[in-house]
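> The listed protein sequences correspond, in order, to chains A and B.
Reminder that position 44 of the first sequence reads as 44 in my numbering, one-by-one numbering, no gaps.
Reminder that position 144 of the second sequence reads as 514 in my numbering, one-by-one numbering, no gaps.
What the hints contain is simulated information worked out from the structure, not anything from laboratory work.
Predicted model only: the values in this text are computed from it and were never measured.
No residue lacks a Cβ here, since even glycine has one placed at the ideal position from N, Cα and C.
The reader is advised that the hints may include incorrect statements.
Unchecked claim - Which stretches of chain B does chain A cover? Using the computed rule of at least three CB atoms under 8 Å from a CB of chain A, they are:
#	region
1	470-476
2	501-507
3	612-622
4	672-684
What the hints assert, rightly or not - Cβ-Cβ distance ranges computed for the label pairs, FRET-style:
#	chain 1	residue 1	chain 2	residue 2	range
5	A	Ala102	B	Thr589	32 to 38 Å
6	A	Pro301	B	Phe716	33 to 39 Å
7	B	Glu728	A	Ser174	49 to 55 Å
8	A	Pro148	B	Ala392	41 to 47 Å
9	B	Trp419	A	Pro71	56 to 62 Å
As a plain string of letters, each chain reads:
2 protein chains.
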Amino acid sequence: MSSSLVVSRRNRRTPYTDRVEACGVQDYSIVNHMLLPKSFNRSVEEDYWHLKTQVQLWDVSCQRQVELRGPDAGRLAQWMTPRDLSHMKVGQCFYAPLVDEAAGLLNDPVILMRAPNWFWFSIADADILLWAKGLALGMDLDVEVTEPDVSPLAVQGPRAEDLVALVFGEEVRSLRYFQFRELPFADRCLVVARSGYSKQGGFEIYLDDSSLGGLLWDTLWESGGVFDVAPGCPNLIERVEGGLLSYGNEMTRENNPFEINLDRFCRLDGKVDYVGRVALQKIAESGPSQRIRGIVFEGRPCPPCAAPWPITIDNKVVGQVTTAIWSPAFRKNIALGMVTKDHWTFGQAVDINLPDGETRRGKLCQLPLR
Amino acid sequence: MSSSLVVSRRNRRTPYTDRVEACGVQDYSIVNHMLLPKSFNRSVEEDYWHLKTQVQLWDVSCQRQVELRGPDAGRLAQWMTPRDLSHMKVGQCFYAPLVDEAAGLLNDPVILMRAPNWFWFSIADADILLWAKGLALGMDLDVEVTEPDVSPLAVQGPRAEDLVALVFGEEVRSLRYFQFRELPFADRCLVVARSGYSKQGGFEIYLDDSSLGGLLWDTLWESGGVFDVAPGCPNLIERVEGGLLSYGNEMTRENNPFEINLDRFCRLDGKVDYVGRVALQKIAESGPSQRIRGIVFEGRPCPPCAAPWPITIDNKVVGQVTTAIWSPAFRKNIALGMVTKDHWTFGQAVDINLPDGETRRGKLCQLPLR
Chain A
1 MSSSLVVSRR
11 NRRTPYTDRV
21 EACGVQDYSI
31 VNHMLLPKSF
41 NRSVEEDYWH
51 LKTQVQLWDV
61 SCQRQVELRG
71 PDAGRLAQWM
81 TPRDLSHMKV
91 GQCFYAPLVD
101 EAAGLLNDPV
111 ILMRAPNWFW
121 FSIADADILL
131 WAKGLALGMD
141 LDVEVTEPDV
151 SPLAVQGPRA
161 EDLVALVFGE
171 EVRSLRYFQF
181 RELPFADRCL
191 VVARSGYSKQ
201 GGFEIYLDDS
211 SLGGLLWDTL
221 WESGGVFDVA
231 PGCPNLIERV
241 EGGLLSYGNE
251 MTRENNPFEI
261 NLDRFCRLDG
271 KVDYVGRVAL
281 QKIAESGPSQ
291 RIRGIVFEGR
301 PCPPCAAPWP
311 ITIDNKVVGQ
321 VTTAIWSPAF
331 RKNIALGMVT
341 KDHWTFGQAV
351 DINLPDGETR
361 RGKLCQLPLR
Chain B
371 MSSSLVVSRR
381 NRRTPYTDRV
391 EACGVQDYSI
401 VNHMLLPKSF
411 NRSVEEDYWH
421 LKTQVQLWDV
431 SCQRQVELRG
441 PDAGRLAQWM
451 TPRDLSHMKV
461 GQCFYAPLVD
471 EAAGLLNDPV
481 ILMRAPNWFW
491 FSIADADILL
501 WAKGLALGMD
511 LDVEVTEPDV
521 SPLAVQGPRA
531 EDLVALVFGE
541 EVRSLRYFQF
551 RELPFADRCL
561 VVARSGYSKQ
571 GGFEIYLDDS
581 SLGGLLWDTL
591 WESGGVFDVA
601 PGCPNLIERV
611 EGGLLSYGNE
621 MTRENNPFEI
631 NLDRFCRLDG
641 KVDYVGRVAL
651 QKIAESGPSQ
661 RIRGIVFEGR
671 PCPPCAAPWP
681 ITIDNKVVGQ
691 VTTAIWSPAF
701 RKNIALGMVT
711 KDHWTFGQAV
721 DINLPDGETR
731 RGKLCQLPLR
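When you get a sec, could you build the whole thing from the sequences and use the hints?
Given below as structure tokens:
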């Protein structure tokens, strides 16, 4: 089993790893120094169809929480993102870019406001804990910055609401997208949010007691029997079709939020201050030089994209593909890529240059792909 | 091939990945969001004997550099570590613990002083870049904190000096341990240090131009023909025998530097100030409550240690094993583990509780194991 390659304490197991192994996990990726299941006993395509029709349990414990708590928690949270948090309410989730002083992206977490002085940043792959701690210490803020014992379990797919309602009650049906509520489970109250890294609908349960991991998994699993529940994980085909970006893939510190189309999450009028504001305002004046686009291209199924592939027009490089995979629904290859300003029009014909030297004809599309 | 599980741009390839693949790499681990080869076409034991007798090339590009450069570089470097850097000279490498405000370990890099206002922190697995940037920004320091295009290639083993001398000249023989010099290669000067993550002697070459990765690898490889050169990577048996610790395995934020026996690298008299000084002084007053020990234990080869195993005496938990492996030299299992104060005496008999319920009799030993 290829997961042998990640066996060490450094690659942390999760509260659900025992269950995931019992379900026959085949391999893992590592995100935030923690195991993220990558596949079970079926192909990405089979998993894709299941996710789009049924319900899955995903061990996304690797979405670690960076907790800011204390009198200056709100001040630090706002300092860390260009998104205006002033109107944020307890019980809301905000998708928020984090940038450095040069407006380079450091992460794109979902922020949860647990209380006025208490935030969770549910992060993608980077040690934002250290960034937040460094800022807090350097600025001498009165805030505790920690990684609490919180391990999200995602329930995703069109039957997710029915399943979560069986376990947490009918109340979950009234939760709006990116809202959360604390709901009882095993003598505790768990944060249950309508959210998740797919476009098929679903919930994320923020388990805050590792010792209950097995019980939470088993309870959902047993209730899920009537829905053909299966173990799952973020599905690459579904993610690309849905235009869901991935930190480290579609964006790095080299990119600013405009380039990944997050203009609406950047407050630029100076009424809110944050790290990178001046740099971001400057970039906004002339506009970004490149933007993320969907791409559809021809030919047989492409290999995985391990390093960016050049996008060219008449042999001139105009961008790069960052993620690509064959889509069984489109019967074409689909991709995400960064394209320069003069060429980013939807419908633009482009060439995708694969690592083996082959060139494929494609065109730029809106996200999500339709 | 199991390396398929890490194919995405997020798991960054290195300047040597093409060569490592041509050598038949079998799987990878991920360190600092970058590929670290974990094995080639032979067992850990075969690799162990080769490392102890010949010479190997290791792609340790994942030892990313955090560069501090500018008027406040020295001030920030010192602020980040309890080790006294005041007498550090250009051309020296210092092994240095990094801790947070509670004296919890954040990393254990090797610091290189390139110039009085220019440092590289060659880091273990954690985004110290973000910690350093956060501190610098919060404290409003005049320093550039970056991850430069620097990818170390290690040459390790008893024939390493002979091989490196063939490529970089006889001058390398006069380099003392943890010294570096800039030596010419392909119209550049590369930092060559006598250092590395083994006890077999060797060098690390800090390539600062990715485009030369293939050339550097090939030049060493071709010169190494006469020495039975082989591709390699940190060897778990050799590392445990040598008492080399691993961030994330033997130490986490839960540990302080005394617990991993770094007392000599903590300046406590108040003449040097740094993050965590007060917390560290307080811990020093009563002394640490646990310390890292070597452990040798009986029975057939143990499984890999994916999560800490309890160490007990008369069924009372007195510590935990963090890394363990069968040693062909000792004909016993060898391990690293944290043991509480009342029981950490060398020679202490202990029981190791394996995950399958089996208990093995062992004893505590000094590091490195002999």
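> Confirm or reject each hint.
Now for the hints, and whether the structure bears them out:
1. 470-476: Coverage by chain A holds for the region 470-476 of chain B (3 residues, Cβ < 8 Å).
2. 501-507: holds (count 7)
3. 612-622: holds (count 4)
4. 672-684: Since three or more residues must qualify, the claim that chain A covers the region 672-684 of chain B holds, with 5 doing so at under 8 Å.
5. Ala102(A) <-> Thr589(B): 32 to 38 Å: holds (36 Å)
6. Pro301(A) <-> Phe716(B): 33 to 39 Å: Taking Cβ atoms as reference, Pro301(A) and Phe716(B) lie about 59 Å apart, which means the hint is violated.
7. Glu728(B) <-> Ser174(A): 49 to 55 Å: Roughly 51 Å apart at Cβ, these two residues keep to the hinted range, so it holds.
8. Pro148(A) <-> Ala392(B): 41 to 47 Å: At roughly 45 Å between Cβ atoms, Ala392(B) and Pro148(A) fall inside 41 to 47 Å, so the hint holds.
9. Trp419(B) <-> Pro71(A): 56 to 62 Å: About 59 Å separates the Cβ atoms of Trp419(B) and Pro71(A), which means 56 to 62 Å holds.
Consistency note: the structure conflicts with earlier hint 6 alone.
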